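Protein sequence lines, in the order shown, are assigned to chains A and B. The opening residue of the first sequence carries number 9 in this note's numbering; numbering runs sequentially from there. The opening residue of the second sequence carries number 9 in this note's numbering; numbering runs sequentially from there.
Do not rely on the hints blindly, as some may be mistaken.
A pair counts as met if it fits within one copy or between any two copies, since identical chains are not told apart.
[Stated by the list, open to error] Calculated lysine-lysine pairs in the DSS-like style (CA-CA distance at most 25 Å, straight line):
hint: 1; residue 1: Lys277; residue 2: Lys207
hint: 2; residue 1: Lys193; residue 2: Lys84
hint: 3; residue 1: Lys193; residue 2: Lys86
hint: 4; residue 1: Lys84; residue 2: Lys102
hint: 5; residue 1: Lys142; residue 2: Lys261
hint: 6; residue 1: Lys242; residue 2: Lys203
hint: 7; residue 1: Lys253; residue 2: Lys281
hint: 8; residue 1: Lys210; residue 2: Lys193
hint: 9; residue 1: Lys193; residue 2: Lys203
hint: 10; residue 1: Lys254; residue 2: Lys96
hint: 11; residue 1: Lys87; residue 2: Lys253
Keep in mind that the hints were calculated from the coordinates and are not lab data. Bear in mind that the values here come from a model prediction, so they are computed numbers and not experimental data.
Below are the chains, spelled out letter by letter.
Number of protein chains: 2
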Amino acid sequence: MNIIIDVMSGDNAPDEILKGAFLALEEYGHSITLVGKNEIINRYTYENGFDISRGEISVVNADDVITMEDDPFAIKNKKDSSMTVALKLLADSKGDALVSAGNTAALYTGGVIYASRIKGLRKAALATFLPFEKPLLLIDAGANIAVNEDILEQFAVMGSVYVSRMLGIEAPRVGLLNNGTEHTKGNDILRSAHKRLTKNTKINFIGNTEAKSLPYGVCDVLVTDGFSGNIVLKLTEGLCGYMFKKLKDIYAKNPVTKLSGAIIRPELKEMKKVFNASEYGGAPLLGVSRPIIKAHGSSDATAIKNAVRVAAAYCEYDIIAEIAKLT
Amino acid sequence: MNIIIDVMSGDNAPDEILKGAFLALEEYGHSITLVGKNEIINRYTYENGFDISRGEISVVNADDVITMEDDPFAIKNKKDSSMTVALKLLADSKGDALVSAGNTAALYTGGVIYASRIKGLRKAALATFLPFEKPLLLIDAGANIAVNEDILEQFAVMGSVYVSRMLGIEAPRVGLLNNGTEHTKGNDILRSAHKRLTKNTKINFIGNTEAKSLPYGVCDVLVTDGFSGNIVLKLTEGLCGYMFKKLKDIYAKNPVTKLSGAIIRPELKEMKKVFNASEYGGAPLLGVSRPIIKAHGSSDATAIKNAVRVAAAYCEYDIIAEIAKLT
Chain A
9 MNIIIDVMSG
19 DNAPDEILKG
29 AFLALEEYGH
39 SITLVGKNEI
49 INRYTYENGF
59 DISRGEISVV
69 NADDVITMED
79 DPFAIKNKKD
89 SSMTVALKLL
99 ADSKGDALVS
109 AGNTAALYTG
119 GVIYASRIKG
129 LRKAALATFL
139 PFEKPLLLID
149 AGANIAVNED
159 ILEQFAVMGS
169 VYVSRMLGIE
179 APRVGLLNNG
189 TEHTKGNDIL
199 RSAHKRLTKN
209 TKINFIGNTE
219 AKSLPYGVCD
229 VLVTDGFSGN
239 IVLKLTEGLC
249 GYMFKKLKDI
259 YAKNPVTKLS
269 GAIIRPELKE
279 MKKVFNASEY
289 GGAPLLGVSR
299 PIIKAHGSSD
309 ATAIKNAVRV
319 AAAYCEYDII
329 AEIAKLT
Chain B
9 MNIIIDVMSG
19 DNAPDEILKG
29 AFLALEEYGH
39 SITLVGKNEI
49 INRYTYENGF
59 DISRGEISVV
69 NADDVITMED
79 DPFAIKNKKD
89 SSMTVALKLL
99 ADSKGDALVS
109 AGNTAALYTG
119 GVIYASRIKG
129 LRKAALATFL
139 PFEKPLLLID
149 AGANIAVNED
159 ILEQFAVMGS
169 VYVSRMLGIE
179 APRVGLLNNG
189 TEHTKGNDIL
199 RSAHKRLTKN
209 TKINFIGNTE
219 AKSLPYGVCD
229 VLVTDGFSGN
239 IVLKLTEGLC
249 GYMFKKLKDI
259 YAKNPVTKLS
269 GAIIRPELKE
279 MKKVFNASEY
289 GGAPLLGVSR
299 PIIKAHGSSD
309 ATAIKNAVRV
319 AAAYCEYDII
329 AEIAKLT
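Chain A with its partners taken away, still in its complex shape (with noise of 0.2 Å):
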């Protein structure tokens, strides 16, 4: 398996987009197409004793970075950037699957235009896990704000198969986001979504899903337009930092407050890691049709790493064909 890493987007670019490559080679064996300015790779790669004429290795030239402030439409417009030319080679098959911590617009825009869209699926999706004590898909989670119906239908199936076969879940329970349980709640849209993943057969649906109950584990995968589902997944951030500041300053306040905190060192440490979306790996693209991980922006090398075993396994599992058939 080949996985197409783009080195120079992302906050920690390129050097720990580097390192997280690196550290996925050793550990995973995956090849790597690294792809961003050849002079920093090469430097990269010298510093640190790897050697780029290892068949697993790959440098692909790209001179042009897209920024975080950049709108979408520089995935054309900056054709020489390393999101770009990463793309191009996914679409021409020079490379399995896809990582990028960049631009999250552009790389979904540059994943519709590049990778296309699986055929008979309205739109394609940006799915991320809720960092809870059971993984949660959610899905949308910011790309499309106008939905209806059918999109929504589509959204639980791919999310459905895609968790199924990442986490091995025979029959992922599959909620709907809305205001309230009853099948009354929300607005046409959801009442018609409610009654559409109901006759479904394709999918365990459990019914409309609210947001109070998120964090324990109700369901598996949460449906939902791309504007509510950035607001879970920002405010899920928010306080989840927020919260874990306070306990922070409690702990700052005196050295007894500070032992406090010593004596449960290391199960704050868990529950942290229980909270960082990173240990999941990236956001995959879904309903495009080739595999594209979106890494959080201030990816470290670990958030990398996890990012490639994720893309070699979305295309290992052969999500994709999944979705297609199904949709």
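Assemble the complex: chain A is given as a structure, and chain B must be docked to it using the hints.
Here is chain B on its own, set in the frame of chain A:
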């Protein structure tokens, strides 16, 4: 001031509602009109040594009750429910403000029917304080799923007036909930609302606000549609509860971790208090012509006491007149 209290609605009615009502009477001095089954109220007051011949206490009988499972039209169908009777008293100026811990949708519907919308306002809203360090008023918290830029602008003005008067903040910062801070974010309605709020000289608009930043006090009023608002409210509740539960599990592990919890028990108690929305005394209906406070369904006596205090202030600070002037 006379506060009308729906005694029979809520998970802990009637005892905790009555207890809270009398706590409020003792502490704040406002007279109270207790609406519910005569015999229940009379028995409670007798058993607890209250003298209902005192001028400050009135009792109005209502034999029926709207349950949490009833649909909102119960407000008309159950004419003799404590909530409906209470609303009619308010509409007839037999009291200055109303407090109910009952069915939110029914109270909202009844508020609009009996108290009627302020002239010129398109929609009444349910507003509630999010339990962060600095109080953040969320408007709309779940009453209006469908909105447009007019409605969002009116929410902004109402929320701003409420926070300004109730919290004494001179120019409350108003944020518009969106998927990013750039003015181009969101759908057409949000882009349009952004323009309106920017031009509106009656409010201190700080721009689009991401969910991630909400706990950090970036704004005093958060404007959004009822669907998104309800997700923010419920997810906050769910996540905070979940994190406290995780901490509790850690402390329960063994005597050593238990010590960790014991050391910072006062600080944790304080932290829990911050996250306890009932400290803010309930959610106001904004945009109706009489003051109505919706107390949390699970309100205990303290929460009811706080709700009565807030209902009185809602009246005293002439918030309705101020809203009517500005919209």
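How the hints compare with the structure:
1. Taking the shortest Cα distances, Lys277 and Lys207 never come within 25 Å of each other, neither inside one copy (43 Å) nor across copies (47 Å).
2. For the identical chains of this complex, Lys193 and Lys84 are inter-copy neighbours only, at 21 Å across copies versus 41 Å inside a copy, given an alpha-carbon limit of 25 Å.
3. When the C-alpha separation of Lys193 and Lys86 is checked against a cutoff of 25 Å, the pair qualifies only between copies, where the shortest distance is 22 Å, while the shortest distance within a copy is 45 Å.
4. Within a single copy, Lys84 and Lys102 get their C-alpha atoms as close as 20 Å, which meets the 25 Å cut-off; across copies the closest is 67 Å, which misses it.
5. In this assembly of identical chains, Lys142 and Lys261 lie within 25 Å of each other by CA distance solely across copies; the values are 20 Å between and 33 Å within a copy.
6. Taking the shortest alpha-carbon separations for Lys242 and Lys203, only the inter-copy value of 24 Å comes in at or below 25 Å, while the best intra-copy value is 29 Å.
7. Taking the shortest alpha-carbon separations for Lys253 and Lys281, both the intra-copy value of 15 Å and the inter-copy value of 16 Å come in at or below 25 Å.
8. Only within a single protomer do Lys210 and Lys193 lie at most 25 Å apart by alpha-carbon distance; the minimum there is 24 Å, versus 34 Å between protomers.
9. Taking the shortest Cα distances, Lys193 and Lys203 sit within 25 Å of each other inside one copy (12 Å), while across copies they are farther apart (31 Å).
10. Within a single copy, Lys254 and Lys96 get their C-alpha atoms no closer than 45 Å, and across copies no closer than 45 Å, so neither meets the 25 Å cut-off.
11. Proximity of Lys87 to Lys253 under the C-alpha cut-off of 25 Å is found in neither arrangement, the shortest distances being 42 Å within a copy and 50 Å between copies.
Consistency with the previously given hints fails for numbers 1, 10 and 11, ordered from lowest to highest.
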